[in-house]
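K.L.:
Sequence:
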Amino acid sequence: MTRNDRHMYELEYPAPAVGGDASSGPTLVIAMQGYADAGHAVEGAAEHLKAALDSRTVATFSNDELIDYRSRRPTVTMAQHEITGMDDLQLDIRVLRDEEGSSFLLLSGPEPDLRWEAFSDAVADLVEHFDVDKTICLYAAPMGAPHTRPLVVSAHGNDPELVGTMYTFDGMVSVPGSAATMIERVLHGRGRSVAGYTAHVPHYISASPYPHAAYQLLQSVSDASGLSFPLRALEADMQRVARQLAEQTEGSEEISQVVTALEQHYDREMEAYRERHPNAMMPGEAQTPSGEEIGEAFENFLAAIDDRDRERGLPHGEPEDTRLSDYYDLSPEDDEPGDDDEPGDERE
47 MTRNDRHMYE
57 LEYPAPAVGG
67 DASSGPTLVI
77 AMQGYADAGH
87 AVEGAAEHLK
97 AALDSRTVAT
107 FSNDELIDYR
117 SRRPTVTMAQ
127 HEITGMDDLQ
137 LDIRVLRDEE
147 GSSFLLLSGP
157 EPDLRWEAFS
167 DAVADLVEHF
177 DVDKTICLYA
187 APMGAPHTRP
197 LVVSAHGNDP
207 ELVGTMYTFD
217 GMVSVPGSAA
227 TMIERVLHGR
237 GRSVAGYTAH
247 VPHYISASPY
257 PHAAYQLLQS
267 VSDASGLSFP
277 LRALEADMQR
287 VARQLAEQTE
297 GSEEISQVVT
307 ALEQHYDREM
317 EAYRERHPNA
327 MMPGEAQTPS
337 GEEIGEAFEN
347 FLAAIDDRDR
357 ERGLPHGEPE
367 DTRLSDYYDL
377 SPEDDEPGDD
387 DEPGDERE
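Using the working numbering, read the sequence shown as starting at 47 and increasing by one per residue.
Possibly wrong hints are sitting among the right ones.
[Claimed, not checked] Estimated spans, in silico, between C-beta atoms of each pair:
id: 1; residue 1: Ala279; residue 2: Arg236; range: 28 to 38 Å
id: 2; residue 1: Ala349; residue 2: Arg102; range: 47 to 57 Å
id: 3; residue 1: Asp216; residue 2: Pro62; range: 36 to 46 Å
id: 4; residue 1: His234; residue 2: His175; range: 40 to 50 Å
id: 5; residue 1: Gly330; residue 2: Thr123; range: 35 to 45 Å
id: 6; residue 1: Ala97; residue 2: Pro62; range: 11 to 21 Å
id: 7; residue 1: Glu321; residue 2: Asp110; range: 47 to 57 Å
id: 8; residue 1: Tyr59; residue 2: Pro206; range: 31 to 41 Å
id: 9; residue 1: Pro62; residue 2: Gly330; range: 29 to 39 Å
For the record, the hints were derived by calculation from the structure and aren't laboratory data.
Just so it is clear, CB atoms sit at the ideal spot from N, CA and C, and this is done for glycine as well.
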């Protein structure tokens, strides 16, 4: 490893390859455990990516420089009168490859307790070192939202492409600061593309793991960056938690009344937001492809047809005599009367 001058982090040596696509540098996803992690959504998103995708460490931050062990005491395991293990509070940056083989960076681990300004500058230096194209910070906050409605992910940032048509807060909002928001400020000051996505977790379940929030955060990152994440495992967890919440709601009249009130408030807020932002993508709606994406898909379709014609020896541009039977199975169903059926065999 190579230690930097500030003794803030160490770079792996030899360094793993870090790169984005052919036209730009990699995306950096910041998902640190800390104050803004309702439903353990940020931690859950980071752990899911590290468990599901191939990853290699590129930089490790110094715990002695950043962590206050008295406020964040690691759990120690003892067996047969001996200390056999201790929680690893590792804060690092890793390079991962998505399902399509595209590389991206992930900064995860415990939010630093100390030296936020120096830490933010160090992360910004690494952003420039690895020529990061865009940075997306993940947050999760407890909100007055019901679990029976589509989960909201709000966006903020200095890049219109990262914010897009996502849900945004109108006017001015004051929230407690974090190490990630300080990184956002430093990157904005350096003219780097940066945004933050916040999952709105129902406040009454914010202390328990809520995979719906982790899923929606990762889906939002995927929509904005073009990265492809495996989310099947999270979908299974979501179904399990949804069943548990449904059982608890149905079994308690008090809980049911609270959820109903939150549903009515949610519906009013979403209706008012739709009126103010008619072109916005509302929670639960699918991402609408842009004109460029539609055009690219159509060009790929035409190119595939040309390739097929060349393989079949057809003149370029000459239409082929195409029948529906080439694409659809038009054979009669087994339960339909056939030509050999005698009159009177059909059942009324």
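K.L.:
Now, for every hint given, state plainly whether the structure supports it.
P.N.:
Each hint tested on the structure:
no. : hint                        : verdict
1   : Ala279 / Arg236: 28 to 38 Å : holds (36 Å)
2   : Ala349 / Arg102: 47 to 57 Å : violated (35 Å)
3   : Asp216 / Pro62: 36 to 46 Å  : holds (43 Å)
4   : His234 / His175: 40 to 50 Å : violated (18 Å)
5   : Gly330 / Thr123: 35 to 45 Å : holds (43 Å)
6   : Ala97 / Pro62: 11 to 21 Å   : holds (18 Å)
7   : Glu321 / Asp110: 47 to 57 Å : holds (53 Å)
8   : Tyr59 / Pro206: 31 to 41 Å  : holds (38 Å)
9   : Pro62 / Gly330: 29 to 39 Å  : holds (38 Å)
Hint compliance for this structure: hints 2 and 4 are broken, all remaining hints hold.
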